[in-house]
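A.B. asks: Now for the letters of each chain:
Protein chains: 4
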Amino acid sequence: MFVTLKPHATEAEFAAVVEKIRSLGLTPHPITGTERRVVAVVGNTGSVEPEDFAAMPGVAEALRVSQPFKLVSREVREEDTVIDVGGVPIGGRAICVMAGPCSVESREQILEAAVAVKKAGATFLRGGAYKPRTSPYEFQGLREEGLKLLALAREQTGLKVVTEVMSTEAVPVVSEYADVLQVGARNMQNYALLERLGTCGKPVLLKRGLSATIKEWLMAAEYIVAKGNPRVALCERGIRTFETMTRNTLDINAVPVLKSLTHLPVIVDPSHGIGIRKHVPAIARAGIAAGADGIIVEVHPRPEKALSDGAQSLTPAEFEGLMRQVRVIAAAIERPIP
Amino acid sequence: MFVTLKPHATEAEFAAVVEKIRSLGLTPHPITGTERRVVAVVGNTGSVEPEDFAAMPGVAEALRVSQPFKLVSREVREEDTVIDVGGVPIGGRAICVMAGPCSVESREQILEAAVAVKKAGATFLRGGAYKPRTSPYEFQGLREEGLKLLALAREQTGLKVVTEVMSTEAVPVVSEYADVLQVGARNMQNYALLERLGTCGKPVLLKRGLSATIKEWLMAAEYIVAKGNPRVALCERGIRTFETMTRNTLDINAVPVLKSLTHLPVIVDPSHGIGIRKHVPAIARAGIAAGADGIIVEVHPRPEKALSDGAQSLTPAEFEGLMRQVRVIAAAIERPIP
Amino acid sequence: MFVTLKPHATEAEFAAVVEKIRSLGLTPHPITGTERRVVAVVGNTGSVEPEDFAAMPGVAEALRVSQPFKLVSREVREEDTVIDVGGVPIGGRAICVMAGPCSVESREQILEAAVAVKKAGATFLRGGAYKPRTSPYEFQGLREEGLKLLALAREQTGLKVVTEVMSTEAVPVVSEYADVLQVGARNMQNYALLERLGTCGKPVLLKRGLSATIKEWLMAAEYIVAKGNPRVALCERGIRTFETMTRNTLDINAVPVLKSLTHLPVIVDPSHGIGIRKHVPAIARAGIAAGADGIIVEVHPRPEKALSDGAQSLTPAEFEGLMRQVRVIAAAIERPIP
Amino acid sequence: MFVTLKPHATEAEFAAVVEKIRSLGLTPHPITGTERRVVAVVGNTGSVEPEDFAAMPGVAEALRVSQPFKLVSREVREEDTVIDVGGVPIGGRAICVMAGPCSVESREQILEAAVAVKKAGATFLRGGAYKPRTSPYEFQGLREEGLKLLALAREQTGLKVVTEVMSTEAVPVVSEYADVLQVGARNMQNYALLERLGTCGKPVLLKRGLSATIKEWLMAAEYIVAKGNPRVALCERGIRTFETMTRNTLDINAVPVLKSLTHLPVIVDPSHGIGIRKHVPAIARAGIAAGADGIIVEVHPRPEKALSDGAQSLTPAEFEGLMRQVRVIAAAIERPIP
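Going down the list, the protein sequences come from chains A, B, C and D. Everything in the first sequence is counted per my numbering, starting at 37 for the first residue and increasing by one. Everything in the second sequence is counted per my numbering, starting at 37 for the first residue and increasing by one. Everything in the third sequence is counted per my numbering, starting at 37 for the first residue and increasing by one. Everything in the fourth sequence is counted per my numbering, starting at 37 for the first residue and increasing by one.
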């Protein structure tokens, strides 16, 4: 349920609503928009009626939301969330570009990649230090050493760093080095991790699970926000279908559906979404055209030698070509790429 | 297998290749490109070796194709197929726009729709006269009466007509009135129908089956082309996945994959692809941005009264808005919309 | 909507109900059970109220059905449909066993297969004369010659013949030779074919489409029954999922769901359902244990030389082993295999 | 790669093989069967040749395995793994029955459930103390209090306890109270958790992820075994498909495929697999008939009041009925239920 206050409701009226929610054993989550305030009521609202609030002074309306997600819903907050990452936004009019290798492999590799993607126009450097691998016998990442190399690349280029965190134990160390913490597809419903990220103080990039519905995905975001961290961006990276010619099936439908349901920024990952290098630019263009707020792209100085995901990683030159194409589409729909 | 001739091979050299193929009990399908000729070898080529042809005069190379499709493959024909429909192209640089109601319902409805979509820039009128319906108790279309109304709309507007044919029996009557015959998703592997369309003399718009792989879809096109009709366009209209918020999941990945594998034109159907009116323009933009050669969109003068698919049909005003957005994307990638 | 008459309603009361339905522009489908009569009301019942019938003499109740299928629904007919195929039943307590090669290849092959499956306990011989193949270049079946060989095998063994019909044009010739006409997965929503089978006078085995929902499948059966042919059996043959280790994913859940929703017999096809010879018996056992009324199994005298589906075909000896296992399961749940 | 020793190889020969593997920078995992010993070679074996081992004394053969899983593979260990849980086996000829409520809700509820399922023949009590819920606002379980109640129920009934662990942090406390630790579908690829369970000293029941392939599932098991814990059982609980009439689609094909690929025990979960109370027994029967080593079933004293999964939970009386049916199937295939 959420309680919407009138545009000129007083502080006392607001406080009374909050107090009443608490007195019912529920948790109030006030959300301040530019024109009005809304208080989301979190907890089992089964026995509470909207009428209990609708009659209070200063209240415009009280509604039971039909969707199970609340804090991430556009019904609760109309304006787009813009996440400020040390001066660089995720969300809003500007298209955000994240790029870099699948895994951090060496000092030379990550610095070379960082310089290249910065030059082509990226503002975020991606790179895995902790790698979730299907097999226990595959390369699992450089771990803390990888985080240090990412921080070094940030120092040298000014790029912000986004990297995956795979366990609650690693949240402190990843938070120490990274600007944005990524949750991988396999961990989308790792609730212990989601709850821990709710109090980590860093923005989170939440990837969609391989067969997660849009509703489940938004509920996973709700876990993080409900624990106190509103800085969550969603990343569509392809779903699992019967098609075997492509690695995954990027769900382009999810982009406009999400933009309509939630105020959180939506990023698309064409690299995992199709998994074939030569087709990554077409999918990046489509994502922006459909209304995504940014893209995250795998770029490697020498894809043929990559320790992971070489088949879908672009060379720096290919990434420059992709950026030219994406800028044209973004300009056409009047969205700047800084 | 296909045998590529040298750019300046003589007619006699070409004839010798064709003759040799026939002598092996196989069928030659000559394809004439702008620079060279290729002869596709159709039939069980298991016992034939490429070397049998490679040494012949005028032959550049002979290759066994790895993919099971041949005539529709870009390996066999490099240049894009452009289907000329009475002067209006499907395929090539120009983006083709098909629009109209799900079903032809009445004289007034189809004429009003035709005038509106023509005004907004469509060159094809779509509209179902024979409707495949999940239930035997639902509206099945006006049948021949519907075909006559489509022809009337063509007369009054100059739009070309694309409409579905559901059975071999109906091929003659639909061919009499329509410019392009559409095969619906449920009939993508109705081989009797595909073979019949191979000799119907009209272009075919072949929709992807609900759970068809890209390979199966191309093989369905191969059935039509192998019977003698090279004028086939492919239409991606969404696949079936676990997601329930959208009607289907438009497979945007299929667009660049198809453009790479086949020379046939690729159309996207955002209306069936997402099934939610307000999101149709976003998916149309994405389809064009990904490289599709055209779109097919459901437009109804009064969607709220439509006998079928009202929830995904645009009003004429909404379709005009979509066309403005699509023109901007098409212009950005330097593809004209006439 | 359906109107249930009281157990002792008179003929005049029954006739009045039928007349009233007709007077409303709808079609009555009377169904006679052992205890009572039900009249299904077919057509657009949107403007008709159950109360219009409930007050009539002899009427027990009138209900709008929530599911879109009517004639195939257990709500309309409680007792199991038992299809009598010249004295051999499909449906009822006895488990029905259909077996034979994927394709009819030669006189020797089909006779050898027929004798073997008869000996092991099958009562139906399966075998394709018309083969739907993904590629136009693959073996398409012996066509009418194949039908004649099936009829010859019936003559020599007494087995009933079930074989696929792929087009409306072929319905007469297939009906001439076969006892049961099979609709393949790819044609499950070929409505022209379904309607034609509604008047063919032969029992129909309707396979589930590759990605058909249970509801769509029952609606496809409804098409046949609504046209006048109540002798339809359903065949679960596996659905398409992301799993690549097996050919399809046999949906075992569909068995009890169907047995609850419909009175039609349910057959499982473990051969296509898993597609791996050594695992066919396990899936056949599971199907019977779940409540299926029969199985259809691919058996070939020499699977390694089969022109199609060799990888999933059993040898006669393997089929005998399967039958022993299936008999044990059937006996355990007190269902005889004649 | 794995190195198989001859039946009568000496200890010295065995030690030499192990030493050689270590000298190549790889890890040896000796597996002792009843007839022979096999040493699995774990690590990047790309540069090692089977011939390096095949010529050593006492070695029967050295083979590179085609599948990426090793320790869980039947190629490495032929005999079925039987997990001894304090005298009660999982795996082997006997069918293992686990039953109990979805969540532990109260002392009365869990004791009542335990007594009932024990009486009907279960040897394991299931019940969630930590509940993964799609929504952060739903009941999350009684946590440690729930574990204590499970231990109390074990004390009073002698049943072994299986319960879910959702995070690495909770592994110690769950290990303290439970006999078997369950990994839920959403955590199947939570690699930090899998690795932690590799050293927990307790048997693990690993559920299949919602859209996990069989190969990915076996690789997840491999993570646990590779870290030192060979006591892993697999639980098929249904996959996600397009079908909406059932909660999930139980993949019955997975049962024989797994029994062929791995030596680990395979349990089926008909409750989550179909999600409809009245159909749970049919799916339980099918699972056993297909070759599963056990079942896990949701049973609640009063399903209509359950805090979770009420729609698929059986009453104690219904569970007794299910057990009677399952015993009949198990007896038919000569597998005892103690």
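Bear in mind the hints are in silico, worked out from the structure with no lab data behind them. In this text, all values refer to a predicted model and were calculated from it rather than measured experimentally. Where a beta carbon is used, it is the ideal one built from N, C-alpha and C, also for glycine. Careful, some of the hints might be misleading.
What the hints assert, rightly or not - Under the rule of at most 25 Å between Cα atoms (straight-line distance), these lysine to any residue pairs were calculated in the SDA-like manner:
| no. | chain 1 | residue 1 | chain 2 | residue 2 |
| --- | --- | --- | --- | --- |
| 1 | B | Lys-314 | A | Phe-175 |
| 2 | B | Lys-341 | C | Val-84 |
| 3 | B | Lys-295 | B | Phe-175 |
| 4 | D | Lys-56 | A | Glu-356 |
| 5 | C | Lys-263 | B | Phe-175 |
| 6 | D | Lys-314 | C | Thr-249 |
| 7 | D | Lys-238 | D | Thr-63 |
| 8 | D | Lys-56 | D | Ala-90 |
| 9 | A | Lys-263 | D | Thr-63 |
| 10 | D | Lys-314 | C | Ala-368 |
| 11 | A | Lys-251 | D | Ser-344 |
| 12 | C | Lys-295 | D | Ile-312 |
| 13 | D | Lys-155 | D | Gln-176 |
| 14 | C | Lys-251 | C | Leu-99 |
| 15 | C | Lys-314 | D | Ala-130 |
| 16 | C | Lys-251 | B | Glu-181 |
| 17 | B | Lys-155 | A | Ile-369 |
| 18 | B | Lys-295 | B | Thr-193 |
| 19 | C | Lys-295 | C | Val-124 |
| 20 | B | Lys-251 | C | Leu-297 |
| 21 | A | Lys-263 | D | Gln-176 |
| 22 | B | Lys-295 | A | Glu-356 |
| 23 | D | Lys-238 | A | Ile-369 |
| 24 | D | Lys-295 | C | Lys-295 |
| 25 | D | Lys-314 | C | Leu-297 |
| 26 | C | Lys-295 | D | Gly-346 |
| 27 | B | Lys-295 | B | Ile-373 |
| 28 | C | Lys-295 | D | Ala-347 |
| 29 | A | Lys-251 | D | Val-207 |
As the list claims (entries may be wrong) - On the chain C side, residues computed to face chain A include the following (Cβ under 8 Å):
| no. | residue |
| --- | --- |
| 30 | Gln-103 |
| 31 | Phe-278 |
| 32 | Arg-283 |
| 33 | Ser-344 |
A.B. asks: State for each hint whether it applies.
C.D. replies: Right, here's what the structure says about each hint:
As the CA atoms of Lys-314/B and Phe-175/A are separated by approximately 45 Å, the hinted pair breaks the 25 Å bound. Only pairs whose Cα atoms come within 25 Å are accepted, and Lys-341/B paired with Val-84/C is accepted, the gap being roughly 20 Å. A C-alpha spacing of about 36 Å is found between Lys-295/B and Phe-175/B, which places the hinted pair above 25 Å, so the restraint is violated. With a C-alpha separation of about 49 Å, the suggested pair Lys-56/D and Glu-356/A falls outside the 25 Å cut-off, and the hint is violated.
A distance of roughly 16 Å separates the Cα atoms of Lys-263/C and Phe-175/B; the hinted pair therefore holds under the 25 Å criterion. Annotation: proposed proximity of Lys-314/D to Thr-249/C holds, straight-line Cα distance about 20 Å (limit 25 Å). Restraint check: the Cα-Cα separation between Lys-238/D and Thr-63/D comes to about 23 Å, which is no more than 25 Å; the hinted pair holds. For the suggested pair Lys-56/D and Ala-90/D, the alpha carbons sit about 12 Å apart, so the restraint of at most 25 Å is met.
With a CA separation close to 43 Å, the supplied pair Lys-263/A and Thr-63/D exceeds the 25 Å bound. This hinted pair checks out: Lys-314/D and Ala-368/C have alpha carbons roughly 20 Å apart, not beyond 25 Å. Restraint check for Lys-251/A and Ser-344/D: satisfied, since their Cα atoms lie roughly 19 Å apart, inside the 25 Å limit. Of the pairs offered as hints, the one joining Lys-295/C and Ile-312/D holds, with about 14 Å between alpha carbons and a cut-off of 25 Å not exceeded.
Annotation: proposed proximity of Lys-155/D to Gln-176/D is violated, straight-line Cα distance about 29 Å (limit 25 Å). A hinted pair counts as satisfied when its Cα atoms are at most 25 Å apart, and Lys-251/C with Leu-99/C qualifies at roughly 20 Å. The hinted pair formed by Lys-314/C and Ala-130/D meets the criterion: a straight-line CA distance of about 23 Å does not exceed 25 Å. At most 25 Å may separate the alpha-carbon atoms for a hinted pair to count; Lys-251/C and Glu-181/B exceed this at roughly 31 Å.
The suggested pairing of Lys-155/B with Ile-369/A holds, with an alpha-carbon distance near 23 Å, which does not exceed 25 Å. About 32 Å separates the Cα atoms of Lys-295/B and Thr-193/B, which puts this hinted pair outside 25 Å; it is violated. Restraint check: the Cα-Cα separation between Lys-295/C and Val-124/C comes to about 21 Å, which is no more than 25 Å; the hinted pair holds. For the proposed pair Lys-251/B and Leu-297/C, the alpha carbon gap of about 35 Å is over 25 Å, so the pair is violated.
A C-alpha spacing of about 15 Å is found between Lys-263/A and Gln-176/D, which places the hinted pair at or below 25 Å, so the restraint holds. Between Lys-295/B and Glu-356/A, the direct Cα distance comes to roughly 22 Å. Compliance with the 25 Å bound is thereby established for this hinted pair. Restraint check for Lys-238/D and Ile-369/A: the C-alpha separation of about 57 Å exceeds 25 Å, so the hint is violated. Between Lys-295/D and Lys-295/C the alpha-carbon distance is near 29 Å, which puts this suggested pair outside the 25 Å criterion.
Using a Cα cut-off of 25 Å, the hinted pair Lys-314/D and Leu-297/C holds, with the two alpha carbons roughly 13 Å apart. Restraint check for Lys-295/C and Gly-346/D: satisfied, since their Cα atoms lie roughly 23 Å apart, inside the 25 Å limit. Distance hint between Lys-295/B and Ile-373/B is fulfilled; the C-alpha atoms sit about 19 Å from each other, no more than 25 Å. The straight-line distance between the Cα atoms of Lys-295/C and Ala-347/D is roughly 19 Å, inside the 25 Å bound, and the hint therefore holds.
A distance of roughly 29 Å separates the Cα atoms of Lys-251/A and Val-207/D; the hinted pair therefore is violated under the 25 Å criterion. The beta carbon of Gln-103/C is not positioned within 8 Å of any beta carbon in chain A (closest approach about 24 Å), and the interface hint is therefore violated. The beta carbon of Phe-278/C is positioned within 8 Å of a beta carbon in chain A (closest approach about 5 Å), and the interface hint is therefore held. Annotation: Arg-283/C was flagged as interfacial toward chain A, and the flag is violated, the nearest CB pair being 12 Å apart, outside 8 Å.
With 8 Å as the threshold, the beta carbon of Ser-344/C stays out of range of chain A, its nearest partner Cβ sitting at about 21 Å, so the hint is violated.
Checked against the numbered hints listed earlier, the structure breaks hints 1, 3, 4, 9, 13, 16, 18, 20, 23, 24, 29, 30, 32, 33; every other hint is satisfied.
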